[in-house]
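Asker: Can you make the complete structure from the sequences, with help from the hints?
Chains as they are written, first to last, in my numbering: chain L, 1 to 121; chain G, 1 to 144.
Everything labelled a hint here was simulated from the structure, so no lab data went into it.
Some clues are possibly wrong.
Said to hold, decoys possible - Quick look at which bits of chain L chain G covers, simulated, 3 or more residues with Cβ under 8 Å:
(1) 10 to 24
(2) 28 to 40
(3) 84 to 95
These numbers were taken from a predicted model, which means no experiment stands behind them.
Every residue, glycine too, gets a C-beta built ideally from N, C-alpha and C.
What follows is the residue order along each chain.
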Amino acid sequence: MTVEIEVREETATEFRRLADAWRETRDPLSSRVNDLVENEAYQQIIALGWPAVPFILRELEQELKSAEGPDFWFPALKIITGEDPAPASSRGQLERMAEAWINWGKKRITEGEHVTGAALS
Amino acid sequence: MSLAQLFPKLGNDYSVTSPRDRRYNCVAWAAGVKEIWWQPDEHGIFYWPPDIPRQYTLEAYIEAFATLGYEVCDNDYLEDGYEKVAIFVEGNSPEHMARQLSSGRWTSKLGMWEDIEHALQGLSGGKYGEVVKVLKRRQERSEV
Numbered sequence: 001m002t003v004e005i006e007v008r009e010e011t012a013t014e015f016r017r018l019a020d021a022w023r024e025t026r027d028p029l030s031s032r033v034n035d036l037v038e039n040e041a042y043q044q045i046i047a048l049g050w051p052a053v054p055f056i057l058r059e060l061e062q063e064l065k066s067a068e069g070p071d072f073w074f075p076a077l078k079i080i081t082g083e084d085p086a087p088a089s090s091r092g093q094l095e096r097m098a099e100a101w102i103n104w105g106k107k108r109i110t111e112g113e114h115v116t117g118a119a120l121s
Numbered sequence: 001m002s003l004a005q006l007f008p009k010l011g012n013d014y015s016v017t018s019p020r021d022r023r024y025n026c027v028a029w030a031a032g033v034k035e036i037w038w039q040p041d042e043h044g045i046f047y048w049p050p051d052i053p054r055q056y057t058l059e060a061y062i063e064a065f066a067t068l069g070y071e072v073c074d075n076d077y078l079e080d081g082y083e084k085v086a087i088f089v090e091g092n093s094p095e096h097m098a099r100q101l102s103s104g105r106w107t108s109k110l111g112m113w114e115d116i117e118h119a120l121q122g123l124s125g126g127k128y129g130e131v132v133k134v135l136k137r138r139q140e141r142s143e144v
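Answerer: Structure representation (structure tokens):
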């Protein structure tokens, strides 16, 4: 079964604003992901619901190519979708978890409307 | 904010020994692991040793390291033939772990940031709280 998501430009803009705010206001020295998840901007991203999922998956795709590795989008994805496609053997292995979510998105999500312009970066 | 501001006892007595990396955290690094984020999160998303309570308690962290052969120790001295790790606690919650190097100094992964080499007490009194427990095991592998 696939989920069709209408991707709106305003969602793209809001997601970008919140993602930037999360990275600026979180505590990077914490080893507890809970501290990152309880951040107000992160909670607002979760509140965006399913429309945020394509943007999160695109972030993960970009971060897989980065030296620092994937960011901590996994709790948000699990809370929003109620799913966790990462196999138990990959727990804590962020690159394998990111790949599992990206593959899950390709199978599960179709986007009803594409956004053009810089908002999607 | 600089590390010296976050950890007043650290001063300049530390060196950065890795690039920033989100793939592992201090608990994994204390266990000698660089590819896995160890955390007893309630969602079961991150790695935690099987059958150990997924709780942010000192007891759960001691149990997790017991699976690697560590037991509670009464000092943080360098002991020939032993590896040691230290657990920092703020309030009632473990906030950080460090691992002793063969030089007697300690190595820590700072959240999503770098690894540093430091004196154990350099990270105490700041956001990670204080060292409340040291664990040790017989040395059985080369240092990472």
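Asker: Looking back at the hints listed earlier, which ones does the structure fail to meet?
Answerer: 1
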